[in-house]
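Asks: The chain contents come next:
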Amino acid sequence: MQEIIDQLFAAETRVHDGEFAIRVADGSQRIWDFSSAPLGRLPDGRRLVMSMASDITQRKAQEREREALIKDLEARTAELERFTYTVSHDLKSPLITIQGYVGLLQKDLEAAAKERIQEDLREISHATEQMQDLLGDLLELSRIGRLVNPPEEVPVAELVQEARRRVAGYLHDREVNFHIQPDLPSVYGDRARLVEVFQNLLDNAIKFSPQIGQTRIEMGIIQKEGQQIFFVRDNGIGIPPDYHEKIFGLFERLDPHIEGTGIGLTLVRRIIEFHGGHIWVESDGPGQGSIFFFTLPQTEGPP
Amino acid sequence: MNAQASFQGEPLLILLVEDNAAHARLVMRSLADHQIANRVVHLSDGEAALNYLFRQGDYADPETSPRPHLVLLDLRLPRVDGLSVLQRIKNSPLQPLPVVVLTTSETESDAMAAYHNQANSYLVKPLNFEKFSAMLQQLGFYWLAWNRYPWTHTEP
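Going down the list, the protein sequences come from chains A and B. Residue numbers are given in the numbering used here: position 15 of the first sequence equals residue 15, and the series is strictly consecutive. Residue numbers are given in the numbering used here: position 125 of the second sequence equals residue 1125, and the series is strictly consecutive.
The shape of chain A in the complex, shown without the other chains:
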């Protein structure tokens, strides 16, 4: 103690002692901030020291909250940067194609090469369609942030049924065996958006199904640590581990030969996260099929 007082008088200024967690009378733990200062001497030579303590528990909580908000903002800014980068890159590609084939078209017209002219026109037309798709997808993605429909209680069975109806159009002659678990619960959210989740997952399961043999798609629910987790399992081409996170990225495509802009899973993740859930994929790699797991708010009502 004497030593501390010596130090204080040597410093001749207020000293910050630090923050201490102290349990108070009601049993709760509070954080206190301590500081001390030398006040001078009494006529008899004794030294006077003032020590102050203030309860900063609330301030600390606010600081933590602010830090979390800053972190969140940083993550969003980084996401926006990635988004801008991807969009500028992906929108430039069809422009290069269009300009390129317009250039070739001029040459081919001079040479009156009919077949080549047709090919040039096809490429130009295809690139403009591709650009239209990309712009449509971007618009779709921007809409998710705004709730279009008021949230409601929706039986998952209805969502699956509607999603199946929509994908049936492009099954063509492909044989798909659906195994849907009976007695699926209800979830709480935007019905139209939630249908899109199931539609995109079924769509992917079909698109990435094996070329030979039957496509089998399973949809159900498992319990894990008190949480209900939905799953969509397929016996398709599978996903290498390096891609388990990447496939959810904007315009990321696993296979360039399979149609699509690479927005489906980005949409799915946005919708699920907007509803307060999360989604991930498990797959043992090529040829092993994939399982998409996701959570959604259950029907106890709005969170």
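No lab work stands behind these hints: they were computed from the structure. You may find that some hints are simply not true.
30 angstroms max Cα-Cα, derived BS3-like pairs, lysine-lysine [stated by the list, open to error]: (1) B:Lys1090 to A:Lys107; (2) A:Lys246 to B:Lys1090; (3) A:Lys224 to A:Lys92; (4) A:Lys60 to A:Lys71; (5) B:Lys1131 to A:Lys114.
We have chain A; now place chain B onto it with these hints.
Replies: The following block gives chain B in isolation, referenced to the frame of chain A:
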């Protein structure tokens, strides 16, 4: 004048790694118009490019994977991205093989990453087709006619 002769008696081969099919056809047509190479092998993802270059999987038989004299590499590729393909080439006995990055990305960090990984050149696809075509002609000349290699083509 064109670069199509041959390289030390061997036909010139370019490996084009590009996932955008329309861009790939544009590149191949421009190269053909300028008679740049005898043969262009086009692969549309990074994994296939690595299998070809390191003679694995579908390309295990050297008959199916003759050595290219030049690699034209896009950066954003499915399965294995362009940067990883570049890293694998430059950290292997194929290191002297010239790899020209051909991309739509004008981002500095992409160019920096490519050069850090020993890309021989970094080219941004021009929007204007005249420039696109002229660029391919010039790069063909430079790398296939003027540039000297430390190996004869049958190696390594």
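Asks: Take the hints in turn and mark each one as holding or not.
Replies: The hints, checked one at a time:
1. B:Lys1090 to A:Lys107: violated (39 angstroms)
2. A:Lys246 to B:Lys1090: holds (25 angstroms)
3. A:Lys224 to A:Lys92: violated (45 angstroms)
4. A:Lys60 to A:Lys71: holds (17 angstroms)
5. B:Lys1131 to A:Lys114: Measuring from Cα to Cα gives roughly 25 angstroms; hence the hint holds.
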